[in-house]
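*Asks:* Protein chains in written order, with my numbering: chain V, 370 to 722; chain Z, 370 to 722; chain X, 370 to 722; chain P, 370 to 722.
Calculated from the structure, these hints are not laboratory results.
In this list, chains with the same sequence are indistinguishable; a pair is considered to hold if it fits within one copy or across any two.
Straight-line alpha carbon distances no greater than 25 Å define the calculated SDA-like cross-link-like pairs of lysine to any residue that follow:
(1) 415 / 633
(2) 415 / 581
(3) 415 / 447
(4) 415 / 564
(5) 415 / 652
(6) 415 / 565
(7) 502 / 464
(8) 415 / 640
(9) 502 / 468
(10) 415 / 647
(11) 415 / 580
(12) 502 / 483
(13) 415 / 653
(14) 415 / 656
(15) 415 / 654
(16) 415 / 655
(17) 415 / 657
(18) 502 / 519
(19) 502 / 598
There are 4 protein chains.
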Amino acid sequence: METPASSVRVAVLGASGFAGGELLRLLATHPFADVTFLGAHASIGKTLGEIHPNLASLALAVQVLREPIAADVADAADVAFCSLPHGASAELAPALLEAGVKVVDLAGDFRLPASAYPDWYGFEHPAIEWLGKAVYGLPELFGEQLPGAQLVANPGCFPTPVILGLSPLLSAGLLEPGTIHVDGKTGLSGAGRTASDAALYAVAQESVRPYRVPGHQHTPEMERGIELASGFMPAVVFVPHLVPAVRGVVTTAYGSLAPGATTESLTSCLLETYAGRAFVRVLPPGEMADSKRTRGSNVVELQAVADARTGTAVVIGALDNLVKGAAGQAIQNFNLVHELNETAGLTSLAVYP
Amino acid sequence: METPASSVRVAVLGASGFAGGELLRLLATHPFADVTFLGAHASIGKTLGEIHPNLASLALAVQVLREPIAADVADAADVAFCSLPHGASAELAPALLEAGVKVVDLAGDFRLPASAYPDWYGFEHPAIEWLGKAVYGLPELFGEQLPGAQLVANPGCFPTPVILGLSPLLSAGLLEPGTIHVDGKTGLSGAGRTASDAALYAVAQESVRPYRVPGHQHTPEMERGIELASGFMPAVVFVPHLVPAVRGVVTTAYGSLAPGATTESLTSCLLETYAGRAFVRVLPPGEMADSKRTRGSNVVELQAVADARTGTAVVIGALDNLVKGAAGQAIQNFNLVHELNETAGLTSLAVYP
Amino acid sequence: METPASSVRVAVLGASGFAGGELLRLLATHPFADVTFLGAHASIGKTLGEIHPNLASLALAVQVLREPIAADVADAADVAFCSLPHGASAELAPALLEAGVKVVDLAGDFRLPASAYPDWYGFEHPAIEWLGKAVYGLPELFGEQLPGAQLVANPGCFPTPVILGLSPLLSAGLLEPGTIHVDGKTGLSGAGRTASDAALYAVAQESVRPYRVPGHQHTPEMERGIELASGFMPAVVFVPHLVPAVRGVVTTAYGSLAPGATTESLTSCLLETYAGRAFVRVLPPGEMADSKRTRGSNVVELQAVADARTGTAVVIGALDNLVKGAAGQAIQNFNLVHELNETAGLTSLAVYP
Amino acid sequence: METPASSVRVAVLGASGFAGGELLRLLATHPFADVTFLGAHASIGKTLGEIHPNLASLALAVQVLREPIAADVADAADVAFCSLPHGASAELAPALLEAGVKVVDLAGDFRLPASAYPDWYGFEHPAIEWLGKAVYGLPELFGEQLPGAQLVANPGCFPTPVILGLSPLLSAGLLEPGTIHVDGKTGLSGAGRTASDAALYAVAQESVRPYRVPGHQHTPEMERGIELASGFMPAVVFVPHLVPAVRGVVTTAYGSLAPGATTESLTSCLLETYAGRAFVRVLPPGEMADSKRTRGSNVVELQAVADARTGTAVVIGALDNLVKGAAGQAIQNFNLVHELNETAGLTSLAVYP
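Could you put together the complete structure from these sequences and hints?
*Replies:* Shown next as structure tokens:
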């Protein structure tokens, strides 16, 4: 890792959303990144403080949200974080990339093969030539592909803990290949800042609800990520649920335990895989994962349990969907692309309680 | 169903807890039940209004909590609802039963074979002779055993939706026998009223946490209940999670879909099984279960989805753990034992939002 | 009170909102009311179950929401509950009243003198001739005006506990006339079901926020209601706050204690005023009000404290804003208009926890 | 401000509580403070990570909680943050002070004159000789007394916004001297980590409750702090309420507006008083305070409104009770005692949403 000669100029596109706000909160503590462009489709002309009052005191060179026109972004910035709605990145990114801007895409637009987009995202991919060049930015597994990468597909909030938790166990032969059942729970911030009946306080409080069953677009991302990391392509069934929380994702994955595998051997495998990694906390046997302990931090907790009675492996992950599940992991990717310290801008501890 | 010559005298034992309070709230609207004994181990000598302020205006003949001595209960009541801690019912119930009192037990003390208690509940069962006589009180499946029953084992909150949802599909051949993964989510009231760090507001809010993995005592109850209802004994892996809610249980069960089965055929099977049942709401394809819609009511929602891509059946259930998952179902059992209208005392609609 | 020869036919206008849903939930248990018309401006053509899933099992003669055209309402119903946005009732009610329909208005359209509407509600009142005929429907204070009344202005959620708590103390000389500071706290359901940024779960959770300071329209309603009841017109300063709850209003009012008045004398005055009233619970000295204990019920809690050190009287009220603060009180008014038992349809206990 | 030759060695006493955890979270980012002693009365012998899992990755020289024996603390540390229960600091601090350790006390033990302790705290003060030497550590008003101070009484969470908001207006003659009504709202973390029925999730959710009326110990602290800052001693009536949140305090103070004062003149006065202060955000007229926007940060929001109609000034404050209301302000005081940059360790932005 290096100290750069000068800071990197970054654009935050989608700065009016929750993930955009979180990018700006974290970048404020980054020693080598200067925010030089704030882009959004909504709220154009507003100041940052009007949209994110917690950022009102932030001393940025730019304060007003602008339409993200590729040429303007390319003039102002070396790297663009695209935290735009699915589909919008795929439209905008090629022009940025061709203008020499590096892109870290927080949407799902560069995570899957082209053939998957019509079924899972509902659109034909408009920039297939770039899909093959995108690095899937799960740094703990694919970090070696990041230095110098021009386009990074930042993983989804649910796939992150699932791929991190299952891939090493498959590679080590502790988990049998085959069907995996993934049960997801997420707080409301994952749904973004758009006002809808389902996102109202009066509707969401005291409500546990599955949604988008069985067609959630993170399903093929989990399958592909696990295959990339382990060589085994599982069939994933994924059922996400909304729970009454603002932040937090917990995934509980069920698969077939290899003969002889135990809670201890599963845990050891994960501990060895992630030894020395700043953001992965593998829980000792008996300790239970808890999304609350990750709030505001880039930590992901992993817990593995062997149920010998039924021959089942249960692998649980917990993270803050806006940090390790979005903005924090994007900055981690940014750091590795630029061969900076992986933890730059990401040292803050979880806020508890 | 009959109008009884006179009301049934009932004792509520464990009246100081959340389920005890819910029994009293619901019994207040019951046309044929008179509460004549309030028993508790804690709070003896206190009045109901001191413990449950929402019940302060309740005009009961008895107002003060007493120690539940079997002879006193038998003097005062024809039926005892035992909402005591696990193990306490098994100690108290035999004396009540021998004195001619009918017992509806809300604890887990009469739900399993004797051999299961040391492993799953941590005690040797002290009243094995009564275990075989207990009716497992899931009225929609075993209601024909209830009229006149002396001892009813009221099901657990998690097993209720799982057994109701899976058994008909197994019986109909739409779900393959084999391992079932059950992912549970529950609000904090399920943990009872005992103050503990894990149950604090500051600790539970924004927290999604698995617990008691993989040894939760509802696991063998699910296996046994499904076997009783369908003839097929699945292996159940059960992972419960605490979510930031007061009331509400959602169970998401994953199993192998039989060839050719569809969301429509699964749904039809459930609709036919529960046609005419007042408290089971089978959701049409596309509608998602939601625990919030059941709050305060005895309704359980069931949703079935076939994922043809992976050959998986997903069966989701939602209920209020204090009503259909405890006090409401106990009253439903009480009604059927006495051949009353099944809905007596249970007509209130869910409170929403 | 009488048993009517036949049920009263009622229209619920604004049936798609939270208060409309609550009216229907409560009316479902009413022995002498038949819902014969469901009106709404939004959601026309939808069924009740699509909008309020907790009401899906409700067996009403009407199931589909219709536009509330006065002639159609008058054909179908004897009484209309108008739970429409402010201003809409004032437009619709005159035609209903002239067609012989009784109206219980849950909006603020008939609570104030005509001169107050431009300043506090932002419109010129379109039906001044009816304003003088409206009975202000706070039954515990003005119940004698209700029998046979044609138009009832149902009080606001904040004014209800304030007027009930302060008026008797002013009348008895225990509280000095003068300025009253009223601090209000309300859950999100008071803001209605319209999706807005401020009402989002992610925005409202962990947020305590004042709003509409100092111009909230309940201010003059408090002043006028207290004057009607006590003869003293206070100057009220009212600051409402949103707190992270769905239901519940707590008002904390501060005024000048008369010399010699004590917590005991304030409490005694309230106890005497409301002796025998089913829905007012005056708390004994030392017990603290709690909105949670009123959820789903028509109870209002009142607590009075004398601070001799500073010569201040503090009067606290707590209620469920959708029940005693809206739909429940409207039904209570309906009962008294028809000389029915005041508690008809309102006997359900609070749901706790 | 200076860069010290070396870091200051600090002890955190009461490290197992919420405020203790917050001190450690914030000190982890402090450039000139080394935590060298962890003291607690409970949890002795446990590691930090066992108690505060969000701090598990914290690389401190000390990791195990010890009994806070004065001599041991004095050996290890130059400064002690005492976040102990009320009364415990007054017992321990003298020995620390006599051993040359500086003390920042987060309890209420050095905030009042000796004569106030029996009435408001229920004990005779055991260290009267130190009371007169304590600096009341509200840095924006009394900061000039802090450099070199040996004993700092860190203000309470409720008094902080009240004294900051009212004192300048009294000094400027915009607020009339006299009685002030202060209505407080706080989340549950203010009650500490002790398990009690009132602090349970199931009990606190959907509950708005006053408590300790009218004798809350922050009342005389408000009166004294305002007098120290403005020369005017008001009579304060203070009614705190628990609301369903973890963090956050909002205070709404009502007093008599001076003739001619307006929202603009009140706001200007506050803006001028706090111009250039890093942690006070005075809201422009029309913007409403919101506790959520301060979470995790040391910011306090102040909002002033003139109600000309009634001659009332309303002054609203919002902060995070664990940061500006406790641990953050304590570190701010520590910085000023040592003539460091006031914001050292306190630069993190609020976490939103």
